[in-house]
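Colleague: The primary structure of each chain is shown beneath.
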Amino acid sequence: MNDAISATGLVKTFGPTRALDGLDLAVRTGEVHGFLGPNGAGKSTTIRVLLGMLRADAGTVRLLGGDPWAQATELHRRLAYVPGDVTLWPNLSGGEVIDLLGRMRGGLDKRRRDDLLKRFDLDPRKKGRAYSKGNRQKVALVAALASDVELLLLDEPTSGLDPLMEEAFRDVVREERRRGDRTVLLSSHILSEVEELCDRVTIIRDGRAVETGSLADLRHLTRTSIQAELAGPVDGLAGLPGVHDLRADGATVRFDVDSAALDPALRHLTAVGVRSLVSRPPTLEELFLRHYDRGPADGEAATAEAAR
Amino acid sequence: MTALTGTRGLARLILRRDRVLLPLWIVFLGIIPVSYVASINELFPTAALRAGYASASARNAGFVVLYGPLDGSSIGELVAWRAGFVPVVIGLISILTVIRHTRTEEETGRRELLGSTVVGRHAGLAAALIVTFCADLLLGVVLAGGMIGQGLPAGGSWAFGLEFALIGWVFAAVGAVAAQLSGGAGGARGIAIGVLGAAYLLRVVGDVSGLSSGPVSWLSWLSPIGWVHRIRPYGDEQAWPAVLAVALTAVLAAAAVALSARRDLGAGVLPPRLGPADGAPALRSPLALAWRLHRSLLAAWVATFVALGAVLGYLADGVGDIVDASPEMKQVLGRMGGANGLIDSYLAGIVGLLGMVAGGYAVQAALRMRAEESAGRAEPVLSTAVSRVRWAGSHIVFSLLGPAAALVAGGLAMGLAHGLNTGDAGRQVPRVLAGALVQLPAVWVLAAVTIALAGALPRLAAAGWGALAICLLAGLVGTAVGLDQRLLDVSPFTHLPHVPGSPVSAVPLLWLTAVAVALGVAGLAALRRRDVPVV
Chain Z
1 MNDAISATGL VKTFGPTRAL DGLDLAVRTG EVHGFLGPNG AGKSTTIRVL LGMLRADAGT
61 VRLLGGDPWA QATELHRRLA YVPGDVTLWP NLSGGEVIDL LGRMRGGLDK RRRDDLLKRF
121 DLDPRKKGRA YSKGNRQKVA LVAALASDVE LLLLDEPTSG LDPLMEEAFR DVVREERRRG
181 DRTVLLSSHI LSEVEELCDR VTIIRDGRAV ETGSLADLRH LTRTSIQAEL AGPVDGLAGL
241 PGVHDLRADG ATVRFDVDSA ALDPALRHLT AVGVRSLVSR PPTLEELFLR HYDRGPADGE
301 AATAEAAR
Chain B
1 MTALTGTRGL ARLILRRDRV LLPLWIVFLG IIPVSYVASI NELFPTAALR AGYASASARN
61 AGFVVLYGPL DGSSIGELVA WRAGFVPVVI GLISILTVIR HTRTEEETGR RELLGSTVVG
121 RHAGLAAALI VTFCADLLLG VVLAGGMIGQ GLPAGGSWAF GLEFALIGWV FAAVGAVAAQ
181 LSGGAGGARG IAIGVLGAAY LLRVVGDVSG LSSGPVSWLS WLSPIGWVHR IRPYGDEQAW
241 PAVLAVALTA VLAAAAVALS ARRDLGAGVL PPRLGPADGA PALRSPLALA WRLHRSLLAA
301 WVATFVALGA VLGYLADGVG DIVDASPEMK QVLGRMGGAN GLIDSYLAGI VGLLGMVAGG
361 YAVQAALRMR AEESAGRAEP VLSTAVSRVR WAGSHIVFSL LGPAAALVAG GLAMGLAHGL
421 NTGDAGRQVP RVLAGALVQL PAVWVLAAVT IALAGALPRL AAAGWGALAI CLLAGLVGTA
481 VGLDQRLLDV SPFTHLPHVP GSPVSAVPLL WLTAVAVALG VAGLAALRRR DVPVV
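So the sequences go chain by chain: Z and B. By the UniProt record's numbering, the letter at position 206 of the first sequence is numbered 206, and the numbering carries on one by one without gaps. By the UniProt record's numbering, the letter at position 149 of the second sequence is numbered 149, and the numbering carries on one by one without gaps.
Isolated chain Z (complex conformation) (with noise of 0.2 Å):
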């Protein structure tokens, strides 16, 4: 068994709301897999799924070779999921409240708990309706990440964090990622955390799985901004395929480029004679927003799948 989640088709509908339309999604064991989408497109709906909490209508699931509705009770020994909007028991402390959820867990590393806490500043004696909601999603955060786990599922962990301690999470997932022993999903809309925590990236919209794969995979479909200063005036550029956005002033060009068509806009230039050229590669973030953009995006994501 080579993914340690994987669900295919998923549907789930709440009353006239399609909140998964045939979602699938695949996390190879050790990776850490960024979970990317707008508000409301289905992720923590998804997450509940794999845990067992909410059942699909239709499709597959499967997770650490198990049903998560079925074994729920099994597979929750060998995972620990932080929720997108972490509330606390006002009346128990927040130390109370990491040993309790880690034992009911079955085990939490006593010495990564007392780091954990220091790490990201937590008051463990404050009671849990004094906390803010960045401490929440941190007691949260640390009894997640001290528990004897094979499975992380953290629902957009660092909403409420402030920049340093957004900072000490990536430290500590980075830490994760290097040691390879824990398959992390990470559910997020911040793109430089994706980035520069996962391994592999599936972007979802509307309940539906439109992008996955790595970075770099996901960078071959996503256009390459090219400015480039001529020889002379060039002709027929705009008539390549692939070829977007061009603006021509005199023998100053520039244009975007789908990374399959690079190579023949490249050969059109050469042939004028190229003077200077500056070529900037795509960012996830401009994926993410043909994504996100509700407008001509759906034309695009639609050649999008067709290009592959």
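One or more hints might be untrue.
[Claimed, not checked] Listed next, the stretches of chain B that the computed footprint assigns to chain Z, with coverage defined by at least 3 CB atoms under 8 Å from CB atoms of chain Z:
(1) 4-18
(2) 95-104
(3) 213-223
[Stated by the list, open to error] Sample of chain Z residues facing chain B (criterion: CB under 10 Å; computed from the structure):
(4) 54
(5) 58
(6) 82
(7) 91
(8) 98
(9) 99
(10) 126
Derived from the structure by calculation, the hints contain no laboratory data. From the three backbone atoms N, C-alpha and C, an ideal C-beta is built for every residue, glycine too.
Please arrange chain B on chain Z, whose structure you already have, making use of the hints.
Modeller: Structure of chain B alone, referenced to chain Z:
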């Protein structure tokens, strides 16, 4: 921008959110006493019959405990007296309404969201108080209008309406102060309901002592509930208790405003305490968590039951005095088993009342499970190696055994107080305790109804309170207004044997327990099949 800017908008928001609840309790509580008019007219059609009933009732400690003192025998006076417990309910609802729209809003962070808009510092508090005051006033108008419509004197009817409105005002203001003191809505409710309970207890002890010109009858004067009873609608109507109530309301509301000006948003006046940095070794299971969540509720209920049991048990012996007092009653009561029969029926009536109150605790404890789910606190537990049934079971234990502990404590206190008073503790303690324990199957049915709802129809789980309301309706007013027996049979409490006094029959108890088990199992089965959390 002044401290009150935005009050109007917030008040409209409260009206929008409570658009069902508010009219419901205004009309329901306003109409209850009106419905008594016809039944009293029917039971006691002549002035002589009413006078007989009044003179016997006025000396009955059990009645005085429930309804307050009775000073006359006109229809209006009898109705106002018979509705003497309703002010306590109005006080409770006013407390809950104010806290729901002040401290709960802060706790959930919605207050902050609104506070960042153009809203003055006291606007939230002012809006909650204004809406509650107006609702109480409207309730008084509904009541007065209804009574006038039944042909009762207008002056007395308005005084009656004022009695109900003012008790709501006082406790709305109590709720407002409590909301400033505690950092949590639960704590605030605890403080305010504690004050209401103390006011009720003071009135009870004072009024009962007043029956025999006892030494502590002045205690009633310390209780706002005692005050509003002394407005004496349809009798020699008094203005000064109303003035007292209005003054207290003003003082408390001013105190709430002053306190709210001195504290930070989200904080209470009472400072939050730090907890332990590590979980105790025993804190490792859902049951240990449930113990932490239920223990203060359990302690409060047990303490309340001990206090109620002790006071009501102590009063039992006085019930027999009526027999000596009036020869006609002696004849009637002789057929009922004499003074001892009367005391037994009082004891059985009171444990029945305690049983229904314990039913309220059962519903409340079972709803904690639902509250955990809708607040998002069930999810972290269920994402560990804890099954749904084990999680639910940890709360159900408290919903079943908590009321049992309260009833045992209340029954023991009542039996002891009555037993020591009569020098017959050895016999009375087991009899009264048995009477309290007999209530349990019916209490469990209420718990099980709530569990079944929380499992199968989670969004309607609060209807468990509706089940309790049906039981209260059947038990407290059902026989008085002559409800159909089939309706009375819906309440599990109708089927309980009256102990002490009658023999204990096991059959209804076993049936009720079986119904409770079936409902509970159905609820758990539904919980295992459905999505969690349903918010």
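Colleague: Run every hint past the structure and note whether it holds.
Modeller: These are the hints, each one checked on the structure:
Counting residues of the segment 4-18 of chain B whose CB lies closer than 8 Å to any CB of chain Z gives 0, so the stated coverage by that chain is violated, three being the minimum. Only residues whose beta carbon comes within less than 8 Å of a beta carbon in chain Z count, and the segment 95-104 of chain B has 0; fewer than three means the coverage is violated. Chain Z is given as covering the segment 213-223 of chain B, and this is violated because 0 residues of the stretch bring a CB closer than 8 Å to a CB of that chain, at least three being needed. Because the smallest distance between the Cβ of residue 54 of chain Z and any Cβ of chain B comes to about 5 Å, under 10 Å, the interface hint for this residue holds.
The interface hint given for residue 58 of chain Z is broken, as the beta carbon of that residue sits about 15 Å from the closest beta carbon of chain B, more than 10 Å. Taking 10 Å as the C-beta contact cut-off toward chain B, the hint placing residue 82 of chain Z at the interface holds, the least distance being around 9 Å. This hint holds: residue 91 of chain Z has a C-beta 7 Å from the nearest C-beta of chain B, less than the 10 Å allowed. About 7 Å separates the beta-carbon of residue 98 of chain Z from the nearest beta-carbon of chain B, less than 10 Å, and the hint is met.
A least Cβ separation of about 3 Å between residue 99 of chain Z and chain B falls short of the 10 Å threshold, and the interface hint therefore holds. Nearest Cβ of chain B to the Cβ of residue 126 of chain Z: about 6 Å, under the 10 Å cut. The hint holds.
Violated hints, listed in ascending order, are 1, 2, 3, 5; each of the other numbered hints is respected by the structure.
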